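Asks: These are the residues of each chain, in order.
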Amino acid sequence: MAAIYSLYIINKSGGLIFYKDCGTKGRMDTNDSLRVASLWHSMHAISQQLSPVNGCSGIDLLQADTFDLHCFQSLPGTKFFVVCEPETPHMESLLRYIYELYTDYVLKNPFYEIEMPIRCELFDINLSQAVQSDRVALLGR
Amino acid sequence: MQFFGGSEINPSPQVPTASGNNAHMMYVFNRNGVCLLYKEWNRPLHTLNPQQDHKLMFGLLFSLKSLTAKMDPVNADKGNLGVPQLPGQGCSFHSFRTNTYKLSFMETPSGIKIILVTHPKTGDLRESLKYIYGLYVEYVVKNPIYNPGSPIKSELFNTALDQYVRSIS
Chain A
1 MAAIYSLYII NKSGGLIFYK DCGTKGRMDT NDSLRVASLW HSMHAISQQL SPVNGCSGID
61 LLQADTFDLH CFQSLPGTKF FVVCEPETPH MESLLRYIYE LYTDYVLKNP FYEIEMPIRC
121 ELFDINLSQA VQSDRVALLG R
Chain B
1 MQFFGGSEIN PSPQVPTASG NNAHMMYVFN RNGVCLLYKE WNRPLHTLNP QQDHKLMFGL
61 LFSLKSLTAK MDPVNADKGN LGVPQLPGQG CSFHSFRTNT YKLSFMETPS GIKIILVTHP
121 KTGDLRESLK YIYGLYVEYV VKNPIYNPGS PIKSELFNTA LDQYVRSIS
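Protein chains in written order, with the UniProt record's numbering: chain A, 1 to 141; chain B, 1 to 169.
Honestly, the hints are just simulated from the structure, not real lab data.
Everything numeric in this text was worked out from a predicted model, so none of it was measured.
The reader is advised that the hints may include incorrect statements.
[What the hints assert, rightly or not] Taking beta-carbon pairs under 8 Å as the criterion, some of the chain A residues facing chain B (in silico):
(1) LYS25
(2) ASP60
(3) ASP65
(4) VAL83
[What the hints assert, rightly or not] With a cut-off of at most 30 Å between alpha-carbon atoms, the simulated DSS-like pairs for lysine-lysine come out as follows:
(5) LYS55/B - LYS12/A
(6) LYS20/A - LYS78/B
(7) LYS12/A - LYS78/B
Think of the CB as a built atom: it goes at the ideal place given N, C-alpha and C, for glycine as much as any other residue.
Produce the entire structure from the sequences given, and follow the hints as far as they go.
Replies: Below, the structure is given as structure tokens:
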């Protein structure tokens, strides 16, 4: 039973650069995940337009009937969002930790081309470890 | 999923003690995207003119519903992205939060969408939205001179709504 269903990373222009699916049902094929990522990028931008006050930085949390979606946007504009079970705690800190892993294993990798899909083994390994330990910590309580 | 089987016609939910105005604005749309009501209590920033603002809001909600139905990790059979969903079909979102506001959303089986934009620290407003729908039924739908699909001009509705929203914390 996963607390986290999936993780997406989108670049500045809205293109999907990383997608990890931990869920059992509801798996999406590649095309759908690309569409969903672009759609999220646009929705994030539109929500800033509809703000009643200044200084809106887009959607942080979307709550639906069967899942929650937490989003984190870094300063350069890369978005990290995770689909999880409703009311899962500590998702924001998990997203920030994933951002740290991204800067360490992806951005500092000299062979990685920025804005391109992520193909870094160390990033995958560390990410799985983080999600696993999170899962144990969350369910072990 | 979000439809009500309450026996009481207009149950008043617990209104927590509040200090003044928390709501920024409110929209009510029908199934065709016509904005039946737009109320504003506190909106310092107007990015677009009213018509564009309504259209943008409706479009955002339509797309978000489509997105949540597609992203649903629990249901195996989902339609394609972009296919219009019937009210109640597929997973739907009930709120989203940004750093400056929180938007709470409710759609009824008849396609009436009620949107309330409030302060980001507001709690779950689903019960409040159901109550507002109850007000809509009482003052608008049951009004014999009201023409369905046209903007709401009922004074009684506006007053009752105003009073209720100001009391939500």
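Asks: Each hint: holds or not?
Replies: These are the hints, each one checked on the structure:
1. LYS25: Status holds, d = 5 Å.
2. ASP60: holds (6 Å)
3. ASP65: holds (5 Å)
4. VAL83: holds (6 Å)
5. LYS55/B - LYS12/A: Given pair LYS55/B, LYS12/A holds - Cα atoms ~26 Å apart, limit 30 Å.
6. LYS20/A - LYS78/B: holds (19 Å)
7. LYS12/A - LYS78/B: holds (29 Å)
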